[in-house]
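K.L.:
Residues per chain are reported as follows:
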Amino acid sequence: MNKNLGWKLGLIVATLLLFLFGIFGIPKDFSGHGLLASLEDRIHLGLDLRGGTHLILQVQVNDAVNGDSDRAVERLKEDLRTHKINYTEIIKPDPVNHPEQIVLKGVPPEASSDLRSIVSERLPEYALNSGAENTWTFSMKPQALAELKNRAVTQAIETIRNRIDQLGVTEPVIQEHGLGQYQILVQLPGVDDPARVKEIMQSTAMLEIKQVLGGPYGSEQEALQQHNGVLPPDSMLLKFHGIGSRAGEDSVEQYYLVTRSSAVAGADLRAGGASVGRDSNSNAPDVNFVLTNEGGRKFAAFTGSHVGEKLAVVLDNRVREVATINEQIHDQGRISGGGMNEQTAKDLALVLNSGALPAGIKYLEERTVGPSLGSDSIRAGVRAAVIGMLAVLIFMLVYYHGAGINADIALILNLVILLGFLGFSGATLTLPGIAGVILTVGMGVDSNVLIFERIREELRNGKTPTSAVEQGFSHAWITIVDTHVTTIVSAFILFIFGTGPVRGFAVTLTFGLLANLFTAVFVSRMIFDWILSRKQRGEALSI
Amino acid sequence: MEFFRNPNIDFLGKKWYFLAFSLVFSVAGIFSMLFWHGIPLGVDFRGGTLVYVKFSHPPNDTTIRAALEKVGLRQARIQSVPANNEVLIDLDVRETSEKALDQGKIQIINALETNAPAGKLDLNNTSSLTLANYLLEKDPLHAGTDANQRYAAQARAIVDYRDKTKGGVLSSFAELNRVADPAVVAVLQDGFYLSDFGVYQVEIVGPQVGKQLQSQAKWAVVYSLAGMLVYLGFRFEWIYGVAAVITVFHDTLITVGAFSLINKEISLTVIAAILTLIGYSNNDTIVIFDRIRENLKLMRRETLSEIVNRSINQTLSRTILTAGLTFLTVLALYLFGGEVLHGFSFALVIGILIGTYSSIAIAAPILVAYQDWRSGRGKQQPVTVSASKGKPGTGKGRGLASGQ
Numbered sequence: 001m002n003k004n005l006g007w008k009l010g011l012i013v014a015t016l017l018l019f020l021f022g023i024f025g026i027p028k029d030f031s032g033h034g035l036l037a038s039l040e041d042r043i044h045l046g047l048d049l050r051g052g053t054h055l056i057l058q059v060q061v062n063d064a065v066n067g068d069s070d071r072a073v074e075r076l077k078e079d080l081r082t083h084k085i086n087y088t089e090i091i092k093p094d095p096v097n098h099p100e101q102i103v104l105k106g107v108p109p110e111a112s113s114d115l116r117s118i119v120s121e122r123l124p125e126y127a128l129n130s131g132a133e134n135t136w137t138f139s140m141k142p143q144a145l146a147e148l149k150n151r152a153v154t155q156a157i158e159t160i161r162n163r164i165d166q167l168g169v170t171e172p173v174i175q176e177h178g179l180g181q182y183q184i185l186v187q188l189p190g191v192d193d194p195a196r197v198k199e200i201m202q203s204t205a206m207l208e209i210k211q212v213l214g215g216p217y218g219s220e221q222e223a224l225q226q227h228n229g230v231l232p233p234d235s236m237l238l239k240f241h242g243i244g245s246r247a248g249e250d251s252v253e254q255y256y257l258v259t260r261s262s263a264v265a266g267a268d269l270r271a272g273g274a275s276v277g278r279d280s281n282s283n284a285p286d287v288n289f290v291l292t293n294e295g296g297r298k299f300a301a302f303t304g305s306h307v308g309e310k311l312a313v314v315l316d317n318r319v320r321e322v323a324t325i326n327e328q329i330h331d332q333g334r335i336s337g338g339g340m341n342e343q344t345a346k347d348l349a350l351v352l353n354s355g356a357l358p359a360g361i362k363y364l365e366e367r368t369v370g371p372s373l374g375s376d377s378i379r380a381g382v383r384a385a386v387i388g389m390l391a392v393l394i395f396m397l398v399y400y401h402g403a404g405i406n407a408d409i410a411l412i413l414n415l416v417i418l419l420g421f422l423g424f425s426g427a428t429l430t431l432p433g434i435a436g437v438i439l440t441v442g443m444g445v446d447s448n449v450l451i452f453e454r455i456r457e458e459l460r461n462g463k464t465p466t467s468a469v470e471q472g473f474s475h476a477w478i479t480i481v482d483t484h485v486t487t488i489v490s491a492f493i494l495f496i497f498g499t500g501p502v503r504g505f506a507v508t509l510t511f512g513l514l515a516n517l518f519t520a521v522f523v524s525r526m527i528f529d530w531i532l533s534r535k536q537r538g539e540a541l542s543i
Numbered sequence: 544m545e546f547f548r549n550p551n552i553d554f555l556g557k558k559w560y561f562l563a564f565s566l567v568f569s570v571a572g573i574f575s576m577l578f579w580h581g582i583p584l585g586v587d588f589r590g591g592t593l594v595y596v597k598f599s600h601p602p603n604d605t606t607i608r609a610a611l612e613k614v615g616l617r618q619a620r621i622q623s624v625p626a627n628n629e630v631l632i633d634l635d636v637r638e639t640s641e642k643a644l645d646q647g648k649i650q651i652i653n654a655l656e657t658n659a660p661a662g663k664l665d666l667n668n669t670s671s672l673t674l675a676n677y678l679l680e681k682d683p684l685h686a687g688t689d690a691n692q693r694y695a696a697q698a699r700a701i702v703d704y705r706d707k708t709k710g711g712v713l714s715s716f717a718e719l720n721r722v723a724d725p726a727v728v729a730v731l732q733d734g735f736y737l738s739d740f741g742v743y744q745v746e747i748v749g750p751q752v753g754k755q756l757q758s759q760a761k762w763a764v765v766y767s768l769a770g771m772l773v774y775l776g777f778r779f780e781w782i783y784g785v786a787a788v789i790t791v792f793h794d795t796l797i798t799v800g801a802f803s804l805i806n807k808e809i810s811l812t813v814i815a816a817i818l819t820l821i822g823y824s825n826n827d828t829i830v831i832f833d834r835i836r837e838n839l840k841l842m843r844r845e846t847l848s849e850i851v852n853r854s855i856n857q858t859l860s861r862t863i864l865t866a867g868l869t870f871l872t873v874l875a876l877y878l879f880g881g882e883v884l885h886g887f888s889f890a891l892v893i894g895i896l897i898g899t900y901s902s903i904a905i906a907a908p909i910l911v912a913y914q915d916w917r918s919g920r921g922k923q924q925p926v927t928v929s930a931s932k933g934k935p936g937t938g939k940g941r942g943l944a945s946g947q
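These protein sequence lines map, in sequence, to chains Z and X.
Numbered according to this note's numbering, the first sequence spans residues 1 to 543.
Numbered according to this note's numbering, the second sequence spans residues 544 to 947.
Worth flagging that the hints you see were computed from the coordinates, not collected in a lab.
Here a beta-carbon is modelled for each residue, glycine too, at the ideal position from N, C-alpha and C.
Be aware that a few hints might be false.
What the hints assert, rightly or not - Okay, derived cross-link-like pairs now, PhoX-like style, lysine-lysine, Cα gap no bigger than 25 Å in a straight line:
1. Z:Lys-149 / X:Lys-681
2. X:Lys-681 / X:Lys-754
3. Z:Lys-362 / Z:Lys-346
4. Z:Lys-239 / Z:Lys-362
5. Z:Lys-141 / Z:Lys-198
6. Z:Lys-92 / Z:Lys-105
7. Z:Lys-298 / Z:Lys-77
8. Z:Lys-8 / Z:Lys-535
9. Z:Lys-463 / X:Lys-681
10. Z:Lys-198 / X:Lys-754
11. Z:Lys-92 / Z:Lys-141
12. X:Lys-663 / X:Lys-681
13. Z:Lys-298 / Z:Lys-310
14. Z:Lys-239 / Z:Lys-198
15. X:Lys-663 / Z:Lys-198
16. X:Lys-681 / Z:Lys-346
17. X:Lys-663 / Z:Lys-346
18. Z:Lys-362 / X:Lys-754
19. Z:Lys-92 / Z:Lys-8
Stated by the list, open to error - Some residues of chain X that are not near chain Z, with every Cβ distance over 10 Å (derived):
20. Met-544
21. Val-570
22. Asn-628
23. Asp-633
24. Leu-737
25. Tyr-774
26. Ala-815
27. Asp-833
28. Glu-845
29. Phe-879
30. Gly-881
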């Protein structure tokens, strides 16, 4: 018997040490301060406790699909020209709902086999269907389409991470959000000013330089009136939006008519080529950028042939600056004015350097917890936990006397294992998570109550202490398994369906209940066995 | 110490009282959900904007409302907690545009910045990033190569002092001298001013996410009930599973009804609490069912209702103790756990009371009623008929009919 108790005690002490390590690691010093520091190091606090910003954003994947099919249209036009195939027009019939479709009209029947070979060779990701009157429909194959959309999300995550990293946010979470399609979850601990971060993340950083055909106009109607209600072919109307001004703050509405095609597009920008400088005249901050060799050639050709005309620097489909071309420009450009200050200039250089987003982003959810609220919540949560725990511990002592000590030891060990679990697994502790800890105390003590009540009952029925303990544990065990399984089932469902803080609750509840199986049954039993082994025959059990 | 020693209460005999009690609360809840408050959904589910603001002085609802109406936010709900100088401003999703999700928040903050000097930023609502950038630009310390780190540290110290020591609202620049370089504090006054409030917490949920969360919450509850039905059907008999699910449904209905009656909003964490209560109430039910199963093997002579009564009595002291202890911890959470967990702990306070009551008053009687119904139908026993003719509430011999 004693030998048996020996290894059990060893196992319990080993578990205790293991999970204490889980909570504190190896602390540098054993003062209260040192322990607290190592505790904070091991247990990750959720955003709701440490403060920060939580965002859910949606990647407009159709943008990426449109981009791909636009390039396909260009490639197709080029190939049709080189193969001397005639056609009347190429259009995208429904860019909003079906960006993956391209319609080619008026191809002579005798060219159909050539067309097929071009498509299978040059546009393998598109399926070709013939329709009536020499019309052909290209649509992206479902697999390629799905891949493209997923790639857009991955790229968006990559780009956003680049930008956030440059902002110096510690431990950001940027990952796909499993609950919705093409959604990204961004958690930024310590960032309490989401407006600026959002602006930086949201910028698709599509920098283009276009030729200005007309403007500025006071409104879209005015622009249309100037052109007799119809815009010239291959042109578009863009709104002016200074860089320094935030959304909706432009004092005067201005529109410019620009060419649809760009002299310079995002891909022509040299990687890392954007930097903050100062205007030589006004000493105001500006952003310089350098183009690639290819881009530089294109830009030189464009500016050389348009001296005296105007060009527009367009970022994210908004005109940021309009300037007159004084001379031929090669591979360097500059964005200035627009009320830029040091910070907005820096942010602009940052987004230009981190690369363009493959698609636009829409915000779906934003939660910001100020750090003062976070520390208030921790205080309140810990206070509630300590009070609840003490109340339970004292009650068990009063109600069950000697066995109460047993229950209290089991309960404290339960808590140590639970917190150790959190330390080891790197799971985050949220405010509902603290509630889960408190609830674990309440529900964990249930196992002890079940067992003790059963033992009392067996004792009342005249059993000896040894057999009462034996019977009490074996009867209660079945019930405990049933109750734990059902609660863990609901915690598991909560974990699958929940997000953030709610998940934290499910995690602590599950860990707590699992630990409870060990402490309330195994540890409690060992303590009883130890007490019984020291008692004389017939001596009563304190319960 | 012992509260109960061999209790022998005829619980099944009181089933009409129980039924009446449950009906009153369920019907009141349903009535409120249908005709009165509806199901008050929190911002998580209905979408919208929620801004918690902390003031440096006791807030004045009328001034705040006037300021909000000035910027066109007429339907805003304002709820103040004068003790903590806190105000909660709540906008519906209809009021904020879907395109610019944070427009409502910006409007609220702008509305509250009533006496902002032109060109200056509000230090109480500035992030450390912005502050560090400002300092970098002004360079009051004439820092060299380590300027970035030094100003970031200064900005961090100022923001930490504001948030952790002052609870989010600074009232004078002078107090910053304790944590930051005087040169830094001096230059701060050129670009910043101090408003009388700080934004404590913001929740903005777009309509799409709201709908998504709504359906998730519904499915979470449904799956959790289905999981229980299957597990209990497998461990016991299917009628036990059905009884447990009806019981848990009853608990959920009354808890949600209570939220509707007092018009308290149901948030995501409240759903977590409801799922916990489903688990808890089920715990309680299983303990009694387990005992019934055990007693069915031991007591072959007695009728089912005698067995059920005995089982409830045998587990009664455990039921009350556990409920009491769990209630104690949840009460601690409700009283000391802070504002954020209020809804959560409120749901659990109600849930534990109802969950404990229902395993005795609903789950066990269903088993007996089912047995009665089956034997009454199968054998046409006159006992069942006469039993159901008795005056409701007299209690004696109620439900004693069984197939045996």
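K.L.:
All hints, please: hold or fail.
P.N.:
Cross-check of the supplied hints:
1. Z:Lys-149 / X:Lys-681: This hinted pair is violated, its Cα atoms lying about 45 Å apart.
2. X:Lys-681 / X:Lys-754: violated, 47 Å
3. Z:Lys-362 / Z:Lys-346: holds, 23 Å
4. Z:Lys-239 / Z:Lys-362: Between Lys-239 (chain Z) and Lys-362 (chain Z) the Cα gap is close to 19 Å, so the pair holds against 25 Å.
5. Z:Lys-141 / Z:Lys-198: violated, 34 Å
6. Z:Lys-92 / Z:Lys-105: Roughly 11 Å separates the two Cα atoms, so the pair holds.
7. Z:Lys-298 / Z:Lys-77: Since the Cα atoms of Lys-298 (chain Z) and Lys-77 (chain Z) sit roughly 20 Å apart, the hinted pair holds (cutoff 25 Å).
8. Z:Lys-8 / Z:Lys-535: The given pair, whose Cα atoms are some 19 Å apart, holds under the 25 Å limit.
9. Z:Lys-463 / X:Lys-681: Answer violated: Lys-463 (chain Z) to Lys-681 (chain X) is near 84 Å, above 25 Å.
10. Z:Lys-198 / X:Lys-754: With a Cα-Cα distance of about 23 Å, the restraint between Lys-198 (chain Z) and Lys-754 (chain X) holds, given a limit of 25 Å.
11. Z:Lys-92 / Z:Lys-141: At roughly 16 Å apart (the allowed maximum being 25 Å), Lys-141 (chain Z) and Lys-92 (chain Z) satisfy the hint.
12. X:Lys-663 / X:Lys-681: This hinted pair holds, its Cα atoms lying about 14 Å apart.
13. Z:Lys-298 / Z:Lys-310: holds, 16 Å
14. Z:Lys-239 / Z:Lys-198: holds, 21 Å
15. X:Lys-663 / Z:Lys-198: Status holds; Cα separation ~22 Å.
16. X:Lys-681 / Z:Lys-346: holds, 15 Å
17. X:Lys-663 / Z:Lys-346: holds, 20 Å
18. Z:Lys-362 / X:Lys-754: holds, 16 Å
19. Z:Lys-92 / Z:Lys-8: violated, 74 Å
20. Met-544: Violated, since 5 Å does not exceed 10 Å.
21. Val-570: Given a closest Cβ separation of 27 Å, the condition holds.
22. Asn-628: holds, 12 Å
23. Asp-633: Holds: least Cβ distance 14 Å, greater than 10 Å.
24. Leu-737: holds, 16 Å
25. Tyr-774: violated, 6 Å
26. Ala-815: violated, 5 Å
27. Asp-833: About 4 Å separates Asp-833 (chain X) from the closest Cβ of chain Z, which leaves it inside 10 Å; violated.
28. Glu-845: holds, 18 Å
29. Phe-879: violated, 4 Å
30. Gly-881: violated, 3 Å
In summary, the numbered hints that this structure violates are 1, 2, 5, 9, 19, 20, 25, 26, 27, 29 and 30.
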